[in-house]
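Once you've looked at the hints, dock chains A and E against the given chain U.
Residue numbers (my numbering), protein chains in the order written: chain U, 42 to 134; chain A, 28 to 311; chain E, 13 to 355.
Some hints here could point you the wrong way.
Stated by the list, open to error - Under the rule of at most 16 Å between Cα atoms (straight-line distance), these lysine to aspartate or glutamate pairs were calculated in the EDC-like manner:
| # | chain 1 | residue 1 | chain 2 | residue 2 |
| --- | --- | --- | --- | --- |
| 1 | A | Lys212 | A | Glu143 |
| 2 | E | Lys144 | U | Asp53 |
| 3 | E | Lys173 | E | Asp271 |
| 4 | E | Lys173 | U | Glu124 |
Simulated from the structure, these hints should not be mistaken for lab results. Quick caveat, the model's predicted, so the values are computed rather than measured.
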Amino acid sequence: MADRAYRAAPADALRVEPLGQLTAIFDRRSMQTHLVVSPVPEILDAMGADACTAARVAERLAALFDLENAGEAQPVLAERLSELAAMGLVERV
Amino acid sequence: MRIAVGPVQFRIGSDWAGPVAALERLYAGYPQDDARPADATVRLFAARPWRRWLRPSVHIGGDFVVPGALPLPLSMGLLAAEMGMNLQVALGWRRHLLLHASAVAKDGRALIMSGESGSGKSTLAALLGEGDWRLMGDEFTLIDPAGGDAFAFPRAVSLKNEAIAEVAARVDAARLGPLLAATPKGDVRHLIPRADAVAATHEPARPALLLFPRFGGAAGIEPMGEGEAFVRLTEASTNYVALGEAGFAALTRLVRETPAFGVTYPDSAAGIALVEQLWDEAAK
Amino acid sequence: MSAVAAFVDLLAGRRETATLGPRDWDGVIGVARSEAMLATLAHRLESAALPPTVAALFADQRAAAQVAQTQALWEADMARRALAPTGIEFVLLKGAAYAAAGMACAAGRQIGDLDILVLATDIRRAENALLKAGWEWVKSDPYDDHYYRAHMHELPPMIHKARDRMIDVHHTILPKTHRITPDALALVSDAVETGSGFRVLSPPAMLCHSAAHMLADGDLQGGLRNLWDIHCMTVGFLADDPDFYLTLMEEAHVHGLTDVVRRGLRLAQRLYGTPLRSYRTPMTVEFEPEWADQFYIRRLLARDDWGRMTRPLLEQVFYIRSHWLRMPPAMLAKHLWTKWRKG
Numbered sequence: 042m043a044d045r046a047y048r049a050a051p052a053d054a055l056r057v058e059p060l061g062q063l064t065a066i067f068d069r070r071s072m073q074t075h076l077v078v079s080p081v082p083e084i085l086d087a088m089g090a091d092a093c094t095a096a097r098v099a100e101r102l103a104a105l106f107d108l109e110n111a112g113e114a115q116p117v118l119a120e121r122l123s124e125l126a127a128m129g130l131v132e133r134v
Numbered sequence: 028m029r030i031a032v033g034p035v036q037f038r039i040g041s042d043w044a045g046p047v048a049a050l051e052r053l054y055a056g057y058p059q060d061d062a063r064p065a066d067a068t069v070r071l072f073a074a075r076p077w078r079r080w081l082r083p084s085v086h087i088g089g090d091f092v093v094p095g096a097l098p099l100p101l102s103m104g105l106l107a108a109e110m111g112m113n114l115q116v117a118l119g120w121r122r123h124l125l126l127h128a129s130a131v132a133k134d135g136r137a138l139i140m141s142g143e144s145g146s147g148k149s150t151l152a153a154l155l156g157e158g159d160w161r162l163m164g165d166e167f168t169l170i171d172p173a174g175g176d177a178f179a180f181p182r183a184v185s186l187k188n189e190a191i192a193e194v195a196a197r198v199d200a201a202r203l204g205p206l207l208a209a210t211p212k213g214d215v216r217h218l219i220p221r222a223d224a225v226a227a228t229h230e231p232a233r234p235a236l237l238l239f240p241r242f243g244g245a246a247g248i249e250p251m252g253e254g255e256a257f258v259r260l261t262e263a264s265t266n267y268v269a270l271g272e273a274g275f276a277a278l279t280r281l282v283r284e285t286p287a288f289g290v291t292y293p294d295s296a297a298g299i300a301l302v303e304q305l306w307d308e309a310a311k
Numbered sequence: 013m014s015a016v017a018a019f020v021d022l023l024a025g026r027r028e029t030a031t032l033g034p035r036d037w038d039g040v041i042g043v044a045r046s047e048a049m050l051a052t053l054a055h056r057l058e059s060a061a062l063p064p065t066v067a068a069l070f071a072d073q074r075a076a077a078q079v080a081q082t083q084a085l086w087e088a089d090m091a092r093r094a095l096a097p098t099g100i101e102f103v104l105l106k107g108a109a110y111a112a113a114g115m116a117c118a119a120g121r122q123i124g125d126l127d128i129l130v131l132a133t134d135i136r137r138a139e140n141a142l143l144k145a146g147w148e149w150v151k152s153d154p155y156d157d158h159y160y161r162a163h164m165h166e167l168p169p170m171i172h173k174a175r176d177r178m179i180d181v182h183h184t185i186l187p188k189t190h191r192i193t194p195d196a197l198a199l200v201s202d203a204v205e206t207g208s209g210f211r212v213l214s215p216p217a218m219l220c221h222s223a224a225h226m227l228a229d230g231d232l233q234g235g236l237r238n239l240w241d242i243h244c245m246t247v248g249f250l251a252d253d254p255d256f257y258l259t260l261m262e263e264a265h266v267h268g269l270t271d272v273v274r275r276g277l278r279l280a281q282r283l284y285g286t287p288l289r290s291y292r293t294p295m296t297v298e299f300e301p302e303w304a305d306q307f308y309i310r311r312l313l314a315r316d317d318w319g320r321m322t323r324p325l326l327e328q329v330f331y332i333r334s335h336w337l338r339m340p341p342a343m344l345a346k347h348l349w350t351k352w353r354k355g
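For reference, chain U alone in the conformation it holds in the complex:
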């Protein structure tokens, strides 16, 4: 599962609006509103336009947030990516 690669929605497809504790994301392609909390917005940002595996996302987040052990985050990120794929915010490639 950890070697699956995903690509995030293109930048102009999502409208991201932080609302206090939550972030509301409007997907212009599906007309759906997603209410998410960290680390979802951070994951989408870290992915940019690239195809990423959970490992790569972990590396990027570790670099961005100065985390110690990227490896530990990997299985959690793999799950999050799978959920995001079900929501349509990322697509398996």
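For chains A and E alone, kept in the frame of chain U given last:
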């Protein structure tokens, strides 16, 4: 018959004369424009031709019909007509973001109260409307997606059970509709909004305070974050999804620009006091 | 003139909007809503002279239809994502296809469920892929379930858990028990690709399906809309190929749908003015009116100013007829009896 409420022109057809006559009386003071095409159609109909006379029961229909909805007896035909008007707007209106909320206005600013049946939003709005507030509506509040202003949809206010006596004590009897006893929602009586509220229907009001009232329990105020207010309001809107990005933008702006609170209160007087207090604080 | 006749005339361009009074608009809008064509009318009359409140209502409808259409195409995309790992080829049908192909009839068109066509041999794998991606069976009773699987041309309906939207997976375009048996393999192999990366039926196949769906499959519910689709797509196809009717009737012949297609075009011509053209060579193509056409027209126009069906007996006749077309008479009797017994 035709009735215009807020921006909506209704066309109302009925297999019986009674409900139409009752509506005509409630809305006698509203502007009439028979030359205007209808935006929404309500039909009160009998399931079978003979059911117009034999155990008459009123089905609610029009542009939209809820399959399997239970009919009402003819004695509650007026309630059926009002429910029909709510249904057609809730399902069909696309020009504004619709919030299941009451609203009153003062000095061009709107106080919006969102809640389910039983929250007391209708009663509070009615009582405030008898004071120095303009009643905008007890059931739906309209938000303009482009500019964010709130607009009125002032229908006859649906008072239930204890609220009937409370309001009746303060108004002229001529402003009340017939008592509809033992409906599925309890005893119901309609209050005709004040003439000045009806006259000011099309005036916009800037949302200034958003409240989520809950009737019952000790008086209390709980500030509500933007995120929670957003979620609650998506649940309280019948057309949020249908409006697409315009709906998202309108709601995001509303919760960011308008302070929100949950309010619990034991009785109307306490509720009104809390509302006035929060309004004064928001005005600072 | 009746509201439904005025509605048809407005779409066909035979009537000027300035001649309509407020009561006429009430009737026309009421009929349009009941036929699920209000946004279609709003697009058709976008540049016409309209009373201000009607213009505002139409603008609302166009915007709402755009949102709904985007959602419908998203469903198609999510189905694509679900089926991609299996390599199963699928073809979009009906509203989603018209929208994906940017066709004129898609303007303002309401799209309901997502309809896709796959080969009969792929249907089990398609079912599994969809279940894995979050669709589930719509709850139904065992009798309906059995009926669907054994006789119908689709899986029982599936609905996506999170998005609450339905998908209908077809393996042919008419029920297995129907008298007519179109060639599904030909339909899939001749499919064309849209700019958006979806596959849709070829133009003649698309028209055959639209006619089949309306006349051979259904009881004429939504007939005015179906015929509008036929009218718009035919005009479009003729612009690309003036001899389209030749290609069309060849295709219709392959699928056994010549009578159905001819009737569909005759009805579209009578209602919306679709330009028909006869041929002697290289093959005979004729659109001589038939006696029964008048009953179809009457059924299609049987709505009053409030959008209610008039002529209930006629409606019954078409309902029984449509079920007769789907099932041999003995089976029909059993089906209706079982349905009646369950209440």
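We went through each hint and held it up to the structure:
Between the alpha carbons of Lys212(A) and Glu143(A) the distance comes to roughly 13 Å, so the proposed pair stays at or under 16 Å and holds. Of the supplied pair hints, the one linking Lys144(E) and Asp53(U) is violated, its CA atoms being roughly 29 Å apart against a limit of 16 Å. Distance hint between Lys173(E) and Asp271(E) is unfulfilled; the C-alpha atoms sit about 41 Å from each other, more than 16 Å. For the hint pairing Lys173(E) with Glu124(U), the CA-to-CA distance comes to about 14 Å; that is within 16 Å, so the pair holds.
The structure does not agree with the numbered hints 2 and 3 stated previously, though it agrees with the rest.
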